[in-house]
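J.: If you want the building blocks of each chain, they are given just below.
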Amino acid sequence: MCALFRPAESPRAPTGAHPEDLWEETTWLERHRGILWRAAALALWGGTLLWFYHADRLILYLRSTYHPLAAGAGVVLLALALVELLNLAFRHRAPDCCPEHDHGDHGEAEHGDGDHAHSQGRLAALILILPLIINALVPSTGLTSYAVGKRATDIDYSALTSQMTADWEAQLAQAKQLSGEYPELTIAQILGFASQDVERARGMKVSCVGFVYREPGAPPERFQVVRFRMWCCAADAQPFHLLVMWPESASLPTDQWVRVRGVIAFTQGQGGPQPYLQADGVEGIKAPRNQYM
Amino acid sequence: MARMSVGQRIAFTATILVPALAVVGYFAWFFSAPLRGRPESQVFVIVLLSILFEAFPFVLIGAFAAAAIEVLMTPEQVQRLVPRNRLLSVVMGALLGVLFPVCECGVIPVVRRLIRKGVPLPAAVSYLLAAPIVNPIVIVSTIIAFRGGSESLVVPVLRVTLGVGIAVIVGLLLSWVGHAEDLLQAGARPQPSPTPLPSGEGKGEAVADPPGEAAATGEAAAALPATGWDRAEAILAHAAVEFVDVGRFLVLGSVIAASTQTFVPRQMLLALGANLPASILVMMGLAFVLSLCSEADAFVARSFVQFTTAAKLSFLVLGPMLDIKLLFMYLSAFRRRLILTIVLAVVVLNFGAGLIVGLVLRTIGAG
Chain C
271 MCALFRPAES PRAPTGAHPE DLWEETTWLE RHRGILWRAA ALALWGGTLL
321 WFYHADRLIL YLRSTYHPLA AGAGVVLLAL ALVELLNLAF RHRAPDCCPE
371 HDHGDHGEAE HGDGDHAHSQ GRLAALILIL PLIINALVPS TGLTSYAVGK
421 RATDIDYSAL TSQMTADWEA QLAQAKQLSG EYPELTIAQI LGFASQDVER
471 ARGMKVSCVG FVYREPGAPP ERFQVVRFRM WCCAADAQPF HLLVMWPESA
521 SLPTDQWVRV RGVIAFTQGQ GGPQPYLQAD GVEGIKAPRN QYM
Chain H
58 MARMSVGQRI AFTATILVPA LAVVGYFAWF FSAPLRGRPE SQVFVIVLLS
108 ILFEAFPFVL IGAFAAAAIE VLMTPEQVQR LVPRNRLLSV VMGALLGVLF
158 PVCECGVIPV VRRLIRKGVP LPAAVSYLLA APIVNPIVIV STIIAFRGGS
208 ESLVVPVLRV TLGVGIAVIV GLLLSWVGHA EDLLQAGARP QPSPTPLPSG
258 EGKGEAVADP PGEAAATGEA AAALPATGWD RAEAILAHAA VEFVDVGRFL
308 VLGSVIAAST QTFVPRQMLL ALGANLPASI LVMMGLAFVL SLCSEADAFV
358 ARSFVQFTTA AKLSFLVLGP MLDIKLLFMY LSAFRRRLIL TIVLAVVVLN
408 FGAGLIVGLV LRTIGAG
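Listed in order, the protein sequences are those of chains C and H. First residue of the first sequence: 271, per my numbering; consecutive thereafter. First residue of the second sequence: 58, per my numbering; consecutive thereafter.
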């Protein structure tokens, strides 16, 4: 293994030795190690992006609009790796660092400091691969209550939710058609409706899907059902909460995905009426394919 | 060591490498066991990968654009596009992002390449800072995020205005900073120019010669690959190098950004922002820490309803210019002294602009 981390011998001759002699001594692999590392990193990333796209795993990280872009990047990265290898195999030409390649007028300044190019190529490739190694060792299944705790703020999302639910009559009608007595809405929709028309929303039967979150010190008969809203990627995902009143709340493990059926009700909060769900039933479910809204 | 053929050498390496990797993999799996399933590592891994998944396509686009500049344009052609007038060149740099839209991840490789081709540092930096804000996609997403509220007009307009203004001022400031060469990393240093720079009058609106024409004209074009196939091959090779070179800094920056997202509660940050100056500083800090894409940050900014418009603007103007991942990516082009200069200038100007906007809006009752 130490060979991997040994500083690469530079094909550029140190002063004193005849360049040609040293060139003869270095092996093909040593000369091209930087390129091989780079090709490996590109191929690994390209392969991962394509595989994640194919296996529908990108949905955990990216909004679906961006999936084709990520898959495209995967194809291009694989192609770049392939071109690097083909170049190496058939043309014996390396764009960045090899003495046999004539650099023309852009010699020294090309891609880093000549002599460092080999070890730099390897280090850069290792850094690039690092996230993939981390992901392989510590696979992730989704953002949980822990993230809610870190991201939650005293923010009133009504500005965003009302915007998202502008045509709420139509959305409600559609949901009713699809799911009957308790039309299934997103937490954002419920919050949006409730902020727009308290009287219409009061007593409305709805259902929603999210995971169980408990604020520190919350009473046992209540929990929050939470789902993250993702704008572009999981880095910008924000938790949307809806308070649920249910006598058997204590039986639900934190982070358990649930479908809540209930009636919209209101408590008088500081900033006006605050919506909550008076639950008629809560069922544990598997995490949905798309965990975000 | 006895001479081995390439095939033998590969076989030899593989016989060592494969078992070695297996052993290392086993130990890594064994020692990372306590981390698996922990909520912190879940968040960390998701945020890390999502930043990279989102950024890589744009870095790749930037890398190809940079490679195309490298392969298709001589320094003379690039320099001809830049006005001789200092102010004009900096302003053009700031507005160039409208025509060549890139986001903040893709802009770095392009800027490295532009500087190498002889674009003056001030103009290149003002392009770097302004491009992710004047990008039409970013403008549209800002408008969408803020539509239907009292801030629907003022935020998008001021975001672009302040972004361009700050980029221009930073660019002009850099005009006074001595030799550009020792401020740049090797990958961004100007190429030695084979012919002296044309010293005629600046032509602000000059258009690039088509590459085909350029390749046919005299000695300046001699360095560029002549045939289409050679060019394509050179572009691919350069793009690969460029991607890895910039990508490694993106990875390092994302690791730090993901760590702070994992361990620093936002509530804590937001609780600090009680008055106008503090709220501006807090939102600038938040933009730095979150390292969001400039296409998404407006939605996040909108949700901070307890903050003033000025504070949200500071978030939206600073974020595309400076955040954790960008700071690392700057390392691929600039040396520390220059980065420090840019960071200081951007932070001070942003804070000042935020204060002025906040006071003005408060005076006219729109804050």
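Source of the hints: derived by calculation from the structure; they are not laboratory data. Since the model is a prediction, treat every value here as computed from it, not as a measurement. Ideal Cβ positions, reconstructed from N, Cα and C, are used throughout, including at glycine. It is possible that part of the hints are untrue.
Said to hold, decoys possible - Taking beta-carbon pairs under 10 Å as the criterion, some of the chain H residues facing chain C (in silico):
1) Ala-90
2) Val-102
3) Ser-107
4) Val-116
5) Glu-133
6) Ser-232
7) Asp-239
8) Leu-338
9) Gly-342
10) Leu-349
11) Ala-353
12) Val-357
What the hints assert, rightly or not - Covered stretches of chain C (chain H as the covering partner; in silico rule of three or more C-beta atoms under 8 Å from a C-beta of chain H):
13) 330–338
14) 543–554
Claimed, not checked - Negatives, chain C to chain H, calculated, CB over 12 Å:
15) Ala-488
16) Gln-508
17) Ala-535
J.: Decide, hint by hint, whether the structure agrees.
T.: Against the structure, the hints:
1. With 10 Å as the threshold, the beta carbon of Ala-90 (chain H) comes within range of chain C, its nearest partner Cβ sitting at about 9 Å, so the hint holds.
2. A cut of 10 Å between beta carbons decides the hint on Val-102 (chain H): the least distance to chain C is about 4 Å, and the hint holds.
3. Given the 10 Å rule on beta carbons, the hint for Ser-107 (chain H) holds: about 4 Å separates it from the nearest Cβ of chain C.
4. Restraint check, Val-116 (chain H) versus chain C: the minimum CB separation of about 9 Å is within 10 Å; hint holds.
5. Proximity of Glu-133 (chain H) to chain C is violated relative to the hint, the smallest CB-CB distance being about 12 Å (cut-off 10 Å).
6. A cut of 10 Å between beta carbons decides the hint on Ser-232 (chain H): the least distance to chain C is about 23 Å, and the hint is violated.
7. About 14 Å separates the beta-carbon of Asp-239 (chain H) from the nearest beta-carbon of chain C, more than 10 Å, and the hint is not met.
8. Nearest Cβ of chain C to the Cβ of Leu-338 (chain H): about 17 Å, over the 10 Å cut. The hint is violated.
9. This hint is violated: Gly-342 (chain H) has a C-beta 14 Å from the nearest C-beta of chain C, more than the 10 Å allowed.
10. Interface restraint check: Leu-349 (chain H) against chain C, minimum CB-CB distance 5 Å, threshold 10 Å, status holds.
11. Among the interface hints, the one on Ala-353 (chain H) holds; its C-beta lies about 4 Å from the nearest C-beta in chain C, closer than the 10 Å criterion.
12. Annotation: interface hint on Val-357 (chain H) holds; nearest CB of chain C at approximately 5 Å, less than 10 Å.
13. Counting residues of the region 330–338 of chain C whose C-beta sits closer than 8 Å to any C-beta of chain H gives 4, which meets the bar of three, so the coverage hint holds.
14. As drawn, the region 543–554 of chain C meets chain H at 0 residues by the rule of a beta-carbon pair under 8 Å; below three, the given contact is violated.
15. Separation of Ala-488 (chain C) from chain H is adequate, the least Cβ-Cβ distance of about 16 Å exceeding the 12 Å criterion.
16. Distance to chain H contradicts Gln-508 (chain C) as a non-interface residue, since its nearest Cβ pair spans about 6 Å, not more than 12 Å.
17. With a least CB separation of 24 Å from chain H, Ala-535 (chain C) remains clear of the 12 Å interface cut-off, as annotated.
Hint violations for this structure: numbers 5, 6, 7, 8, 9, 14, 16, all remaining hints satisfied.
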